[in-house]
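Here the protein sequences line up with chains A and B, keeping their order. Going letter by letter, the first sequence gives residues 1 to 315 in the numbering used here. Going letter by letter, the second sequence gives residues 1 to 315 in the numbering used here.
One should not assume that every hint holds.
What the hints assert, rightly or not - Pulled a few chain B residues facing chain A out of the computed Cβ check, cut under 7 Å:
#, residue
1, A34
2, Q38
3, P39
4, A45
5, S49
6, V54
7, A80
8, G127
9, P132
10, R134
11, W248
12, A251
13, G253
Unchecked claim - Derived Cβ-Cβ restraints for the label pairs, each shown as a range:
#, chain 1, residue 1, chain 2, residue 2, range
14, A, A305, B, A186, 26 to 34 Å
15, B, D20, A, G228, 14 to 22 Å
16, B, D115, A, T21, 33 to 41 Å
17, A, A307, B, D102, 28 to 36 Å
18, A, L57, B, Q13, 43 to 51 Å
19, B, V54, A, A305, 30 to 38 Å
20, B, Q38, A, T21, 20 to 28 Å
It is worth saying that the hints were derived from the structure and are not from the lab. This one's a predicted model, so the numbers in the text were calculated from it and none came from an experiment. From the three backbone atoms N, C-alpha and C, an ideal C-beta is built for every residue, glycine too.
2 protein chains.
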Amino acid sequence: MQVRQAGEFAVIQQLRGIFDTKRTDLLVANGDDAAVWQPDGPVVATIDSVVAGVDWLEDRTPAAAIGHRAAAVNLSDLAAMGAHPRLLLLALELPGETDLADLLTAARGLKALADKHDAVVVGGDLGFSPGPARWTVTALGTLQGPPMRRDGVQPGDVIWLMGAVGQAALGLAALQWGDDQPALVAAHLWPQPLVQAGLRLRDAGVRAAIDVSDGLGLDAQRLAQASGVDLHLDLPRPVWVTPEIERWLIARGLDWREACAGGGDDYALLCSASVALDLRHLGAQPIGEARAGSGRVHLRIGGIAQAVQGFRHGD
Amino acid sequence: MQVRQAGEFAVIQQLRGIFDTKRTDLLVANGDDAAVWQPDGPVVATIDSVVAGVDWLEDRTPAAAIGHRAAAVNLSDLAAMGAHPRLLLLALELPGETDLADLLTAARGLKALADKHDAVVVGGDLGFSPGPARWTVTALGTLQGPPMRRDGVQPGDVIWLMGAVGQAALGLAALQWGDDQPALVAAHLWPQPLVQAGLRLRDAGVRAAIDVSDGLGLDAQRLAQASGVDLHLDLPRPVWVTPEIERWLIARGLDWREACAGGGDDYALLCSASVALDLRHLGAQPIGEARAGSGRVHLRIGGIAQAVQGFRHGD
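Please construct the entire structure, taking both the sequences and the accompanying hints into account.
Printed below as a string of structure tokens:
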């Protein structure tokens, strides 16, 4: 059945059933004009949208991956601050012909990722309108210590990468072509926000971080510019570039270095810490250093210098 | 210039300039992965979108009224809870051909209403995509006392209306036809969320309220169903129905009673209080009572019974 046929109110009722929660920090949960929440620390707030045809391929994306993505992009922003996720608010704009069962599957995909990271969905908005489906999520988290910030990098700091970059953009290409690259496709379809890693990095004393959503080069540049330093980065060949994947890349005329430098949607964390901190036991990889400067990024990947240009959504 | 020509990052820079804030409860303001905020009480959170062609007439709406509306619909939800507005987050999805100057005017319209109610815009998201322009706002407020809730109506309570209903729907009609009805058109274009009134009602002891965004009948029904009571409402002829407006309504075949019962987007507050409370000094008008029941609404307007059916956005 199409959501238009079901009607706005019936769809809202079904979504509420999926997102129903009894969490005790919620004084008023779903179904009122607004939710009321007692936070357990300073509040971290972010908003981000994902749009059909821009952020996912409409005809090749499992419904659950759409809701997953809507949550992931926002949870990753909380991860980059070192925050505990708590609440998600969801505004959905859908074409009236959206299949109701697909929508509910997508909502369950969102809930599954929220559950994994202790977040609940409270409140929302639903509209039917022409144009592509758009999922807008606000994520609210709390801090139990100082946030990691973009402007906290000091000259002399070591730059660390947590998580992998480059896979998601290549996974999108593989999905478009129908190529059998399950690891890459999974990195595109099911990005994992590094929430626990963000908390551990913050607890270990990291004071500067950014999530790598628009490509390592561009997000490194944001970090450098916010902090007023230059970054000198040298990322070795990633372990995910197996001989098999490299053969596929060559056959398709693709370059893993370019994907690492400019591919988007990986949701790794790029962070900075004084040389006294060793973050390897947390799974982070040292990839360079900050020097006194003016916001420039010098990026080498696998030993070869790369132009710094990021993936810009919607450009 | 079109926003697509200006580029996403240049547009974001200009929007940040408009929304720049130094408020001391913001530990991290715009420009990071997320904002960090120290709330001064339990947090009230809501999200709502307004969409071109659905919520406003694309060719007859001043740009500033678009941003105003995006803030107003959310601030009204905070008003209905009795909350102090604090933060707004904005996710914008725009056609690439949107005029940049119009966008910035719209953003200033949003900021003007936010300023009026002590809210600041922190963080946001911008995308260009096909389909109608869509402004999604999350409003965060704080409570200095118990919230007004939809499920707080008790049998025997008096039902009060704060603000006017019916004008906005007729103003939309007047605007569509190009008719000279400035008071009605202003009610449609520049809805005023009753934030101060909501705070005063809460302070006076009101424990149940809803904002009337989808028509008096439908929102009364929501209040009745959430509280498990019947509502018997009898709204007298509103003062805004002047003889001049009535002549126009007759000429256009419109009915002010229907507009009061089912017209949307007025953002009045419908609330409930024990008979011991007199709210007239706050500007509220007693329009009925709650009785033991099962969520039904009996609605008379100007002495004539009205079917309860609301305006449903996007249906």
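Status of the hints after comparison with the structure:
{"no.": "1", "hint": "A34", "result": "holds (4 Å)"}
{"no.": "2", "hint": "Q38", "result": "holds (5 Å)"}
{"no.": "3", "hint": "P39", "result": "holds (6 Å)"}
{"no.": "4", "hint": "A45", "result": "holds (5 Å)"}
{"no.": "5", "hint": "S49", "result": "holds (5 Å)"}
{"no.": "6", "hint": "V54", "result": "holds (5 Å)"}
{"no.": "7", "hint": "A80", "result": "holds (4 Å)"}
{"no.": "8", "hint": "G127", "result": "holds (5 Å)"}
{"no.": "9", "hint": "P132", "result": "holds (6 Å)"}
{"no.": "10", "hint": "R134", "result": "holds (6 Å)"}
{"no.": "11", "hint": "W248", "result": "violated (30 Å)"}
{"no.": "12", "hint": "A251", "result": "violated (32 Å)"}
{"no.": "13", "hint": "G253", "result": "violated (28 Å)"}
{"no.": "14", "hint": "A:A305 x B:A186: 26 to 34 Å", "result": "violated (60 Å)"}
{"no.": "15", "hint": "B:D20 x A:G228: 14 to 22 Å", "result": "holds (19 Å)"}
{"no.": "16", "hint": "B:D115 x A:T21: 33 to 41 Å", "result": "holds (34 Å)"}
{"no.": "17", "hint": "A:A307 x B:D102: 28 to 36 Å", "result": "holds (35 Å)"}
{"no.": "18", "hint": "A:L57 x B:Q13: 43 to 51 Å", "result": "violated (31 Å)"}
{"no.": "19", "hint": "B:V54 x A:A305: 30 to 38 Å", "result": "violated (49 Å)"}
{"no.": "20", "hint": "B:Q38 x A:T21: 20 to 28 Å", "result": "holds (25 Å)"}
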